[in-house]
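Q: Sequence:
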Amino acid sequence: MPYYRVVGDVPRKRHVQFRQPDGGLYAEELMGEEGFSSDSSLLYHRYLPTAIVKAEAVDLAAPGLTPNLPLSPRHFRTQDLAATGDLVTGRQPLAGNSDVRMSYVATDAPSDLYRNSMGDECVYIASGRARFESTYGVIEAGEGDYVVIPTGTIHRWVPEGPVTALVVEAAGHIRPPRRYLSAYGQFLEHAPYCERDLRAPAEPLIVDGEEVRVLVRTRGGLTRLTYAHHPFDVVGWDGCLYPYAFNIHDFEPIVKRTHAPPPVHQTFEGPGFVICSFCPRPLDFHPDAVPIPYNHHNVDSDELMFYVGGDYTARRGSGIDIGSISLHPAGFTHGPQPGAVEAVVEAVRQGHTETSEMAVMIDTFRPLDLGSAALACEDPAYAWTWATAR
Numbered sequence: 001m002p003y004y005r006v007v008g009d010v011p012r013k014r015h016v017q018f019r020q021p022d023g024g025l026y027a028e029e030l031m032g033e034e035g036f037s038s039d040s041s042l043l044y045h046r047y048l049p050t051a052i053v054k055a056e057a058v059d060l061a062a063p064g065l066t067p068n069l070p071l072s073p074r075h076f077r078t079q080d081l082a083a084t085g086d087l088v089t090g091r092q093p094l095a096g097n098s099d100v101r102m103s104y105v106a107t108d109a110p111s112d113l114y115r116n117s118m119g120d121e122c123v124y125i126a127s128g129r130a131r132f133e134s135t136y137g138v139i140e141a142g143e144g145d146y147v148v149i150p151t152g153t154i155h156r157w158v159p160e161g162p163v164t165a166l167v168v169e170a171a172g173h174i175r176p177p178r179r180y181l182s183a184y185g186q187f188l189e190h191a192p193y194c195e196r197d198l199r200a201p202a203e204p205l206i207v208d209g210e211e212v213r214v215l216v217r218t219r220g221g222l223t224r225l226t227y228a229h230h231p232f233d234v235v236g237w238d239g240c241l242y243p244y245a246f247n248i249h250d251f252e253p254i255v256k257r258t259h260a261p262p263p264v265h266q267t268f269e270g271p272g273f274v275i276c277s278f279c280p281r282p283l284d285f286h287p288d289a290v291p292i293p294y295n296h297h298n299v300d301s302d303e304l305m306f307y308v309g310g311d312y313t314a315r316r317g318s319g320i321d322i323g324s325i326s327l328h329p330a331g332f333t334h335g336p337q338p339g340a341v342e343a344v345v346e347a348v349r350q351g352h353t354e355t356s357e358m359a360v361m362i363d364t365f366r367p368l369d370l371g372s373a374a375l376a377c378e379d380p381a382y383a384w385t386w387a388t389a390r
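Residue numbers for the sequence shown follow the UniProt record's numbering, so the first one is 1 and each next one is one higher.
Between beta-carbon pairs, the in silico distance windows are:
#1 T50 <-> E354: 50 to 56 Å
#2 A343 <-> R224: 52 to 58 Å
#3 A82 <-> T50: 38 to 44 Å
#4 L60 <-> G331: 32 to 38 Å
#5 V264 <-> A343: 21 to 27 Å
#6 P280 <-> A82: 27 to 33 Å
#7 Q350 <-> A383: 28 to 34 Å
#8 E346 <-> A383: 25 to 31 Å
Taking lysine to any residue pairs in the SDA-like style, the calculated list, with each CA pair at most 25 Å apart, reads:
#9 K54 <-> V214
#10 K13 <-> D238
#11 K256 <-> P177
#12 K256 <-> V290
#13 K54 <-> L215
#14 K13 <-> F36
#15 K54 <-> M118
#16 K256 <-> A191
#17 K256 <-> N295
#18 K13 <-> T50
Note that these hints are calculated values from the structure, not bench results. Ideal Cβ positions, reconstructed from N, Cα and C, are used throughout, including at glycine.
Let the hints inform the model, and build the full structure from the sequences given.
A: Here you go:
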C-alpha cells in the first residue's frame with residue numbers, strides 16, 4: 001500500500017519489548033512482501049501466531065481450464081449461475097491463466113477462516129453486503145466495493161444476505177498503478193482516486209477460541225491448519241501492508257474531447273494483468289466526436305468485462321445485460337454493435353451528454369483459458385452479433 005497506518009496499541013519503537021497486562025510479551029508477526037524489501041506491517045498477537053497443532057491435506061480438485069478454441073469472443077451470463085458454497089469455497093471458475101484467475105460467487109453463507117498464500121486477491125462486490133473480518137480488523141463491504149486482500153492474510157467473509165461477487169486471484173501482488181503514485185508512494189493529483197477514498201480496518205478485532213481451523217492455499221494445493229488459538233488476537237498493528245476497500249463510485253473518470261482508450265480507466269495492476277473501472281462520465285465533447293468505442297484490436301491482451309450497472313450503449317442489442325461478462329480475446333477485433341455509432345451520434349444531437357455505464361474490466365497479457373462455470377452459462381450466439389444484429 002502507498003501509505004502508513006497504525007491501528008490499536010503498538011509500542012513506540014519496533015521490535016522492542018511490548019508487554020501484556022499480565023506481564024507477558026505480545027508476540028510480533030512481521031508481514032512483508034518481496035523478501036521484506038517492499039511493503040510490510042508489524043502485528044502484535046496475544047498468542048504465538050506460529051502455534052499450530054494439526055495440519056491436514058484437503059483433497060479438493062483445482063478447477064480445470066479449457067483453451068479458448070476455436071478462438072471466439074464470448075458472452076457469459078453469470079445471472080444464470082446458481083448460488084453455491086461461500087465467498088471462498090463457492091467460487092465458480094470463469095477464466096484464468098498462470099498470472100490470474102477470475103471466479104464468480106453467489107452466496108449468503110459465511111466462510112470459514114481462509115489464507116491465500118499464492119497471491120493477493122481483489123473481490124468486487126456486485127450486489128449485497130458482507131463483513132470482511134481479518135487479523136487486521138473489519139471492513140464493512142457493500143455493492144461496488146473492491147476489497148484488496150494481501151497475500152497470506154487470514155480472513156473470513158460474513159454476508160448480511162445474498163451477495164454476488166467477482167473474485168480476482170493473482171499470482172503476485174495487486175497495487176495501484178505506478179503512474180498514479182509519486183516516487184515515494186503518494187497518490188498524484190492526476191490520479192483518478194486518492195488515499196481518502198481507501199477504507200481499511202480502523203480498530204482491532206479480538207475473537208477468543210482454541211484449536212481454530214484455517215484453510216490455506218499454496219501452490220502445492222490446500223491444507224487445513226489447526227491453530228492453538230484464534231488468529232484474530234491482534235491488539236495492534238502498523239505499516240503499509242493491509243487489506244483495504246475502494247468503491248467504484250469514488251473513481252473519478254478521466255475524459256477527453258474524443259474517445260479515450262481503456263488505460264484511462266485503470267484502477268489496479270497485478271503481474272500480467274490490469275483491472276479497470278468504467279464509470280458514469282460526460283460523453284466526449286468534440287463537436288464531431290463519435291462518443292463510443294471505436295473498433296479495436298488489443299494485440300497483446302485478452303479483455304474480460306463484467307457489466308455491473310447502467311446502460312452499455314456500445315453493445316446494445318447483443319444480449320449483454322447487467323451480470324453479463326464478455327471475453328474478447330487478443331486475436332479478435334471487436335467494437336460497437338452495428339448501428340450503435342449512428343444511434344449515439346443522434347442521441348448527442350438530441351442533447352444526451354452523459355453515459356451511465358458501469359463495468360469492471362480485467363485485461364490480461366497472456367491468453368485466458370475458460371472455466372467450467374463460464375462454459376455452463378455461455379450465450380452461444382454472441383460471436384455472430386456483429387454480423388446479425390439482434
